[in-house]
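**Q** So the sequence lines, in the order shown, correspond to chains Z and G.
Going by the numbering used here, the first sequence opens with residue 1, and the numbers climb by one from there.
Going by the numbering used here, the second sequence opens with residue 111, and the numbers climb by one from there.
In short, the hints are calculated from the structure, not lab data.
One or more hints might be untrue.
[Claimed, not checked] Straight-line distance between alpha carbons at most 30 Å, and here's what the computed DSS-like set of lysine-lysine pairs gives:
| no. | chain 1 | residue 1 | chain 2 | residue 2 |
| --- | --- | --- | --- | --- |
| 1 | G | Lys129 | Z | Lys97 |
| 2 | G | Lys129 | Z | Lys109 |
| 3 | G | Lys177 | Z | Lys56 |
| 4 | Z | Lys67 | G | Lys146 |
| 5 | G | Lys129 | Z | Lys42 |
If you're wondering where the values come from, they're calculated on a predicted model, not measured in any experiment.
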Amino acid sequence: QKEVEKDPGPLSVPEGAIVSLNCTYSNSAFQYFMWYRQYSRKGPELLMYTYSSGNKEDGRFTAQVDKSSKYISLFIRDSQPSDSATYLCAMSTNAGKSTFGDGTTLTVKP
Amino acid sequence: DTAVSQTPKYLVTQMGNDKSIKCEQNLGHDTMYWYKQDSKKFLKIMFSYNNKELIINETVPNRFSPKSPDKAHLNLHINSLELGDSAVYFCASSQAGTGTDTQYFGPGTRLTVL
């Protein structure tokens, strides 16, 4: 079993929709939770990170961490075609090594 | 002013050949990584170096040999290439393996083994 699992994808939504991307994990030592965005034929870029449980908001993006359920989410409000990309969740312990989940490819249709 | 650069961007080669991929970062980071990304977009860490010292060596065939001449460079040499080595290889760097471990990725090298 992988340490980090994501909801099945890919995902296709109309412009303006609310998007929910989710990952579950098994290692309770994870303290840092990241979401990376990867455009086609590019390297991943850090989108948001959260320490421990709670929510973090940045514009149209909200990251949520529920450590009791070992579940993290990324919400995108008012999705735009420019949000079309692959989204990867990643987690790390205090030791720093990141573990990535499979990417979810999102397509936002105009 | 590219932060993390890799060469080449595309590599097409025959089975059995030996090839190298080069990576350089100008961010002043202490830690560099090699990842392999498969068709499902799963990023699997292969190696990590901190200040030229190997700190992570995941279960990778010994045909793969990383080399770090200095902390700004981490190259990957692959011997006797196999069909299953076809993937996109990403180099990344971060500042000292702290918890946040924000990683900066290169553009990737798309390797195709025929």
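**Q** Given the hint that G:Lys129 pairs with Z:Lys42, does the C-alpha gap stay at or below 30 Å?
**A** 22 Å, holds
**Q** Quickly compare the C-alpha distance for Z:Lys67 and G:Lys146 to 30 Å and report which way the hint goes.
**A** Cα-Cα ~28 Å, so holds.
**Q** CA of G:Lys129 to CA of Z:Lys109, is that 30 Å or under?
**A** 40 Å, violated
**Q** Do the alpha carbons of G:Lys129 and Z:Lys97 lie within 30 Å of each other, as the hint requires?
**A** 27 Å, holds
**Q** Can the restraint linking G:Lys177 and Z:Lys56 be considered satisfied, given a maximum Cα separation of 30 Å?
**A** Distance of about 38 Å is beyond 30 Å: violated.
Going down the numbered hints, you'll see the structure goes against 2 and 3, while the others check out.
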